[in-house]
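Please put together the full structure from these sequences, using the hints given.
2 protein chains.
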Amino acid sequence: MSAPVNHPGLSFEISRQQADLDAHGRDENSSSIVHPAGVVFAESRDDVLAALRYARETGTPVIPWGAGTSADGQVVPRGDELALDVSQMDRVLSHSVEDMTVTVEPGVTRMQLDAHLRSAGVFFPVDPGADATLGGMASTNASGTTTIKYGGMRANVLSLELALVDGRVLRLGRPVRKTSSGYALKDLVVGSGGTLGVISELTLRVHPRPACVQGIRAFFPGVEAATRAAFDVMQSGVPLARLELVDELAIGAVSRYLDLRLPERPALFLELHSSTRAGLAAEVEVVVDLLGEAGVLDIEVATTAEELQQLWKSRHQIWYALIAQYPGRTYTSTDSAVPLSRVPELVEGARSLLAEHRLDAAVFGHVGDGNVHTCVAHTEDQAEDLALYRDALSRLALDLDGTCTGEHGIGTAKRPHLIAEHGEDVVELMRLVRRTFDPDGLMNPGKMFEDRRS
Amino acid sequence: MSAPVNHPGLSFEISRQQADLDAHGRDENSSSIVHPAGVVFAESRDDVLAALRYARETGTPVIPWGAGTSADGQVVPRGDELALDVSQMDRVLSHSVEDMTVTVEPGVTRMQLDAHLRSAGVFFPVDPGADATLGGMASTNASGTTTIKYGGMRANVLSLELALVDGRVLRLGRPVRKTSSGYALKDLVVGSGGTLGVISELTLRVHPRPACVQGIRAFFPGVEAATRAAFDVMQSGVPLARLELVDELAIGAVSRYLDLRLPERPALFLELHSSTRAGLAAEVEVVVDLLGEAGVLDIEVATTAEELQQLWKSRHQIWYALIAQYPGRTYTSTDSAVPLSRVPELVEGARSLLAEHRLDAAVFGHVGDGNVHTCVAHTEDQAEDLALYRDALSRLALDLDGTCTGEHGIGTAKRPHLIAEHGEDVVELMRLVRRTFDPDGLMNPGKMFEDRRS
Chain A
1 MSAPVNHPGL SFEISRQQAD LDAHGRDENS SSIVHPAGVV FAESRDDVLA ALRYARETGT
61 PVIPWGAGTS ADGQVVPRGD ELALDVSQMD RVLSHSVEDM TVTVEPGVTR MQLDAHLRSA
121 GVFFPVDPGA DATLGGMAST NASGTTTIKY GGMRANVLSL ELALVDGRVL RLGRPVRKTS
181 SGYALKDLVV GSGGTLGVIS ELTLRVHPRP ACVQGIRAFF PGVEAATRAA FDVMQSGVPL
241 ARLELVDELA IGAVSRYLDL RLPERPALFL ELHSSTRAGL AAEVEVVVDL LGEAGVLDIE
301 VATTAEELQQ LWKSRHQIWY ALIAQYPGRT YTSTDSAVPL SRVPELVEGA RSLLAEHRLD
361 AAVFGHVGDG NVHTCVAHTE DQAEDLALYR DALSRLALDL DGTCTGEHGI GTAKRPHLIA
421 EHGEDVVELM RLVRRTFDPD GLMNPGKMFE DRRS
Chain B
1 MSAPVNHPGL SFEISRQQAD LDAHGRDENS SSIVHPAGVV FAESRDDVLA ALRYARETGT
61 PVIPWGAGTS ADGQVVPRGD ELALDVSQMD RVLSHSVEDM TVTVEPGVTR MQLDAHLRSA
121 GVFFPVDPGA DATLGGMAST NASGTTTIKY GGMRANVLSL ELALVDGRVL RLGRPVRKTS
181 SGYALKDLVV GSGGTLGVIS ELTLRVHPRP ACVQGIRAFF PGVEAATRAA FDVMQSGVPL
241 ARLELVDELA IGAVSRYLDL RLPERPALFL ELHSSTRAGL AAEVEVVVDL LGEAGVLDIE
301 VATTAEELQQ LWKSRHQIWY ALIAQYPGRT YTSTDSAVPL SRVPELVEGA RSLLAEHRLD
361 AAVFGHVGDG NVHTCVAHTE DQAEDLALYR DALSRLALDL DGTCTGEHGI GTAKRPHLIA
421 EHGEDVVELM RLVRRTFDPD GLMNPGKMFE DRRS
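For the protein sequence lines, the chains are A and B, in the order given.
The first sequence begins at 1 in the UniProt record's numbering and counts up one residue at a time.
The second sequence begins at 1 in the UniProt record's numbering and counts up one residue at a time.
Among the hints, erroneous ones may be present.
Said to hold, decoys possible - Here's a subset of chain B near chain A, in silico, CB distances under 7 Å, partners left out:
1. S159
2. K313
3. C404
4. T405
5. E407
6. E421
No lab work stands behind these hints, which were simulated from the structure alone.
We treat Cβ as the ideally placed atom computed from N, Cα and C, and that holds for glycine.
The structure is reproduced here in structure tokens:
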């Protein structure tokens, strides 16, 4: 049922309808559903503040909810929380062509924003794959294939409005490109996983749409050769907009799925953006030469929009190719990042661990950022193997001087790795910082850190 | 005198020699000297920890000291502090070509690092003008002319080691290009002005040296036309490595100083970096066309190293030109940043305020980042006018949705503007965050925030 909340002076409704509870009981990587205590749909900042008032007056924990596309349990309830769904706060509030900024409510999705901006000749560059909300993307410090050139969320959120549990609304950051004014609290909130407050507005930086784009797909004898080629290209200083590595298993799956007859070898996918045709042609030539020197087996340059679409289809449909190859299974994506030189060790190590735990997976990622995903296609019986694999992979990434999460965030599954990565002292400091925003620990408890009260 | 410190178990020396106290009694913009209680020269992390132990056991405040080139009093004592000078911690600890990272002690200076990296074909891009230490640059979140392309300190410090007053040494961040692991405490420490702890090591991101560089100097009828041209170039998507605005007063001064006979008009200085000659030529052509359409009066393209040096000399020697024009005066640089569209209002507003307060100044800045400096040449009698001007200028920047400091930091002079910019609630939160790092407030007290005990 959905009924007016029984709380003095508050007029919003808490839904306890089965469909709403189901829809707010899982995220992208969940294998089961856990209902929240209720769901509130906020349509405005005032609605957010009313829900937060209810939360503090009743001691109810709050999960800020966008599109539910988090990957590591960031929005998954334990059961006693109110899911505060801001997906209806989906207005683009203003767009300044000259400032190259856009101000949005947190429920605006990436694709909605892209459609809004297209006619203005600009775009927002952060693309995590899923059609996530901008509020959710800020919460996890999301990034994606173009981060190598344009940066992730922290670089592209200029300022944000944060509603605290105590009812105060803070504006953090300014709509400027540079500031050294005080502590970088905006940067602290980006990536905080909904544990500090509810993001109720964001001002984002947008970028000119590139006039000229070309793509390259290049196959190599092995992962080591492919990553070596990637480093050579990066060190040349050619401005890359994307630099992706896809292993031969993923290539095989997508080749069969799309009937492409690709060589079943590791591939690099590259994209270059330029404002001039001549500049782009010269840069693509440099890249093609470098890949040739690095022992490329097969290379294809996409110059038309259609060719580009075809080329990237073979990267973006890996997920669907896996689903076709392993029907009925569950798919879980990991997210390690390491220093650039350690990528081959991470990829080979991941494959050894996958073999050891008898798991089927594709390995691919944003090699230009040292960020590697493995997409595991597993059965329900393999839950324990999967957990062991994920744990071992995170530890491997840390051993390689890396991080247990490049872009997904900590959520719940990686809480032990947060401590392994940073040490007890640093995590304790994070807890203390959390308390300065939310002394009673009502914001998304149990995420990022173990909830000490549970 | 310099003597072993009279404290049980500690063997370091505190200098109270006149020369040391004088050298640690002012920064770039100081008009007078205030001695610290003493100076400690740390040669290692252990020395830093020994000094911090002394500080906490005796309740002595600490000022972390690098090159003393801060602009707004960040390292200026009030009198009871120990200046903890880390300039002798000046070793480059490691440099990874493949990872494109370098790890340094905090006392390594920008020019020292540049010399170290040159033969490796890479460079560290943040150039605040002064030969500051990397530790100091991180503390103020410094940036400079190339920030438009490469980002400032926060983007280029991957990880750092922070020694807390309580004796713990924290490693914040990881040597990776992307992470979403926990709160961004590394980003919080960058820009914290020495108020959280002592930075004892930094891992920095380095970039390939551009193979091809060209520069452009273009004169316009007025500031409005020049900034409009700057926006047109930015919106074209041409990758700019520098985009500087210099007003006609500064041009006049430097023209007379270097005997260049330049048109006394506002100028844009641009630089483009590319990995290919053809690409660079095409991009420069786009820029030249756009500047032509925007009504350029006079334009010069520098293609050789010598031409580039000559061109940039007329930008970099503005400071010396002012000294020549107004000998015997003191020179103070302001540092506002605003959204791109508000730059003409900021420049015109600054000039009106300068006229109102009868101050002589050049106006120039990083227009591509919306960051404008005014360099005021003032006499001792004008101290009050200068203070009034600086205050009014900061308020103007805030009225234009900007920030009171783009790259210098808050220090002492701008503490009231920190509150005006962010509001009492946000500044109170900053104070609470500060306390989680330094509960007793011994790190650089009175900087960033008013010291409530004084």
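Which of the stated hints cannot be reconciled with the structure, identified by number in ascending sequence?
Hints 1 and 2 contradicted; others consistent.
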